[in-house]
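Asks: Spelled out, the chains give:
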Amino acid sequence: MKTLLLRACLESSDFGPLSETFVGGLCRGPLSPPLSPPFVESQPIRRSSRQRVATKGCDKGPDKGPDKGPDKAFRSPELLGRALLALLLIVWPGGATWAAGPTEGDIPRLAKEAAACQPGQSLEPFRGLEVLVRESVSRPALRKPLEAALVELLGPGSSLEAKRFACRQLGIVGGSAALPALASLLANEDTVGIACLALTTYPPGKADEILRGAVASASGARRIQLITALGDRRDAAAVRLLARAANEADVGVAEAAIAALGKIGDAAAREAIAALRSKARPALAPVLAEAALRGAERLSASGDRRRAIAAYEELLASSPAASVRRGAFEALLRLDEKRRQGRILAALEGMDSVLKPVAIAAVGTVPAGLSSGPFVAQLHHLTSAEQVWMIDSLAARGDIEARLGICASVSSPDLGVRLAAIRALSQVGDASLVSMFARALGSSKSVEESRAIETALVNLRGGAATDKVITAEVKHCGRKARAGFISALARRVGSAANPVFFAETESKEPTVARAAFRALGTTAEEADVPALVEALVNLSDREVRPDAEHAALQALGRMPSVPSRSALVRNALGRAHTLDSRRSLLGLLSIGADAPALAAAKTAATDSDPVIREAAIRALADWPDAAVWDTLAGLCNQPQNEALRGVALRGLVRLASEGNDHPDSALVGRYNFLVGSARTDADLKLILGALGGVAHPDALHLAASLVTRPGVRPEAEAAVRRIVGALKGQYPEAVADALRQVRPVK
Amino acid sequence: MSRRRFLGRAAAAAAMPLVVPGSVLGLNGAVAPSNRITFGAIGVGNRARDTLPNFLSFRELRFLAVSDCRQERLNSAKALVDKHYDNPDCRAYRDFRELLAEQDIDAVSIATGNRWHGLGSMYAARAGKDIYCEKPVTLTLGEGRALVDTCRRLGTVYQAGTQRRSTGSYRFAREMVRQGKIGRLRTVEMQVWAGPGIPCDKAVAVPEGWDYELWLGQVPWQPFVPARVNAWQYFWDTAEGVLTDMGCHYTDQMQWTLGTDDTGPVEFEARGELPDPARFCSDTPITGTARCKYASGVEGLLYQRGEFKDRYLRYIGDEGWIQVDDETDVVTAQPKSILAFRTTGGSGWGDASDHIRNLLDSIRSREPTLCNPEVAHRAITVCQAWNLSLRLGRKLKWDPARERFDVAEANRMLYREPRAPWRA
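Chains as they are written, first to last, in the numbering used here: chain S, 1 to 746; chain B, 1001 to 1424.
A hint or two may mislead.
Here are the simulated EDC-like pairs of lysine to aspartate or glutamate, each with C-alpha atoms no more than 20 angstroms apart in a straight line [unchecked claim]:
| # | chain 1 | residue 1 | chain 2 | residue 2 |
| --- | --- | --- | --- | --- |
| 1 | B | K1202 | S | E113 |
| 2 | B | K1336 | B | D1354 |
| 3 | B | K1202 | S | E124 |
| 4 | S | K685 | S | E658 |
Hints in this document: simulated from the structure, not taken from any laboratory.
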């Protein structure tokens, strides 16, 4: 009852530090003290529910990993207020003390209760002791009685769970007083592990003696535990003991002892390991090799490079295990800078395939003063995959020989190698590579490679100087390369190169002209638009026309003034002589969709030339606003041909659908018109697709009316369901009526 | 682009780095057996069910074996692999050491419980296998350093499963920070969800089909208590709760963005609300707040609160902020103009394919992976240090070069002696 009441009033984040103190001792278990200033919890970006405290369990299922989140959140009861808290304190005068957290005086009681704890059961006594352990970190006076209590928990009257807890805590705060009790646990297979948990955290000295002493009488798993602990403690005094254990018949014990010797790694340990290796028990070869590697590491760390290198070289030469050879080789490369290049070359020329990738990866680490020439010379001995890696490593070096080697790889017969070379040069190259890229682009056989070269051109270093070289190259390079150069120039230089692009729009070579127009599509500024439109007007090559139209569309779209766009296009239309040009310009009218533009399009829709009429009708179908509705409706009802009727209808459906966000009777009226104008099931399907987005009861009625038409039943039913969903429970009668006509969903 | 509709756009055609696709290296289509990298899976529970399909989608790798100490999981994993390859050849082992002993296996993916991540990886490295291991990569700081040293000693290629380094949204956010788009970075704010309290429970007999000794691994022996076993994430013996489990993804991002992959913060402070011990047997915090500080002055702030879907990572600078919502993968920013720099593409964090691709490339080239052991260890060090601060109830100063705290008791908690016969 007490718990419930206090919890009710305390468990709220509104109480702040006061409640934390109370709760820390009572309901919620230990809390860490508040964070020190200037730590201030910032305003959270998002608050979900108000912060609540766990009072109920979260029944996390067995198959939910932590990344899946909790199955259920837990919620606390609502807070009752500070007044209630104060009242309770008055009612329970002892409540304040008790609720303030355990004190030294609580230790005996907590220890007594802890002694009986079982796994999975209430942890209150443990939590209380943990609070005190935490406090003792800054209050050493607490340490003695606490340690005594924890030692008591190691006694025969305590549960295994209690002993485990005590060992864990003694591993944090245990001192010499706890050693005898911990030592006694080493004799038992059930407790040797938890005793080692504590003992291995002690400073060097007595704890090592205890562990060494316990080994003599231990066997099996217990022996292994103790031996491993000696190794983890790097106990040099245990080397002789471990060397003897390493010779035992029990492979588990021998392995543990060898591993421990490796961790200790001093001269005596290394000597023991060497002796063991010479006896060559096959089962122990892997652990011996690892121990030898550790010994070499120790030599290296102590500054004895010469002997470390000798040790690694011996392991490299003798070990059949790839991982050992790799590890030894990598260590030699790190350690022996003077001979690094030689070792790499030897590995590249050698027969050990395990070492080759390691050697290639290390090329970038060879001191900068040394030439990359010898590595470059190895390229043609390597497989394609290896060449790719080598190119990356050479790029990391970036010296002149490396660059030359990479340049040569640009013409490799292997696409992967070529791409790697291009990528590498884009990182380290400058204007001097422009001609080479021009040649490569000219001979490129794949789109991927062309794009890679283009990107490399964009990334070349050198700023304006490189821009100049690329610009000059545009004029000189072959037609195949020129398009790529134009594209690269657009990305690199932007509108500053517009004069070049305009010049190239007149190229007789379609790929070049197209590239130039594409460039202008992104780089043309407002002042350039008239010239771009003019270029479109004057264009004679039909293959280039779509790119030119698109470029003009992009450039016009960037002009802020719609009337200006309209005027420009209309003026050009007035000057255009060819059918193609007029058709192109009609296609641009919708980008400047004002009244004069609409008038021009309507006029063109009645032109004597069918090509012009079609272009105009398509332009009207693309019109961005409903000013064109009546014109399109007329074209739909009195079409010149079926194709154009379809174009007009699609335009009308699009315009109608753009009003779907604001459904009203006028919009539904338009849909009614569309349905009335439909001549085929295909027409109706198109209309129903848009009608389904109209959240209006009349639209629902319209859609439902089409359910009975067999050719469009599925589309009509789908439209009905969408509208019902969008109505969100409104118009229940209309909804019910419509749904009655629809087949149930399976 | 529609002819009728044109939107003005800022010209932001940033050059994309070129990546040589695997297909160009002859890895697409039918892959010759000699070009395949063979894998074994160690731990095939919930997480493996998510990631195995990603692995299996790579034609240039082949799973030859699976291992789990729970028979029913072993059976279903074998069935999954057999179905994928349309043959019954996948080998199944209760004891992962038998899988490691197989000479025809080049690499392993480890998706066990946390208590086995570090140790299992070290055993795999000793067996000469390259490794993909789920996060959190270790249980303790000492185990982490041992993992780094073991992989280095044996030339092991190792990828930690902090796959957000290969995720488009996170890479973009990092790039924007590094380009100075939010000014000088001041704070990295992170949020993970509030954890549960696990109700008290009773010990029962070990269920049929469990190798419980193997399941426990390095953890001190205890009876089989279903609550403790099924919710192992929330007990200090076997894990470190949500703060570490999920927090390490974000601390990894923080480390990466700050360029501190070989070092870390110098100060840690954390507080948390622990479960009611009268009713719950779990150890790890339900909610909490943690702070760290780098020598540069940048602070990391992690909140454990709210719901699973509320998690995020936010970089806050002098001139703005940028945030990745981990649930939706949506990036928001102030000023909003920052978002215009984002190019499309990149997989979401749920798809580990890019991360696996990085591992496979590294296995061949022997170059370090994106999330190599040192990187992974330093990232989780932040979370582990927070937990130590929380458990000791005090602020801790940390020397990232010596990897030592200024508080003796914290240094005693750097490593936990494993139960025999296991060793680091």
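Asks: Give a verdict on every hint.
Replies: Against the structure, the hints come out as follows:
| no. | hint | verdict |
| --- | --- | --- |
| 1 | K1202(B) to E113(S) | holds (18 angstroms) |
| 2 | K1336(B) to D1354(B) | violated (28 angstroms) |
| 3 | K1202(B) to E124(S) | holds (16 angstroms) |
| 4 | K685(S) to E658(S) | holds (17 angstroms) |
The structure shown violates just one earlier hint, number 2.
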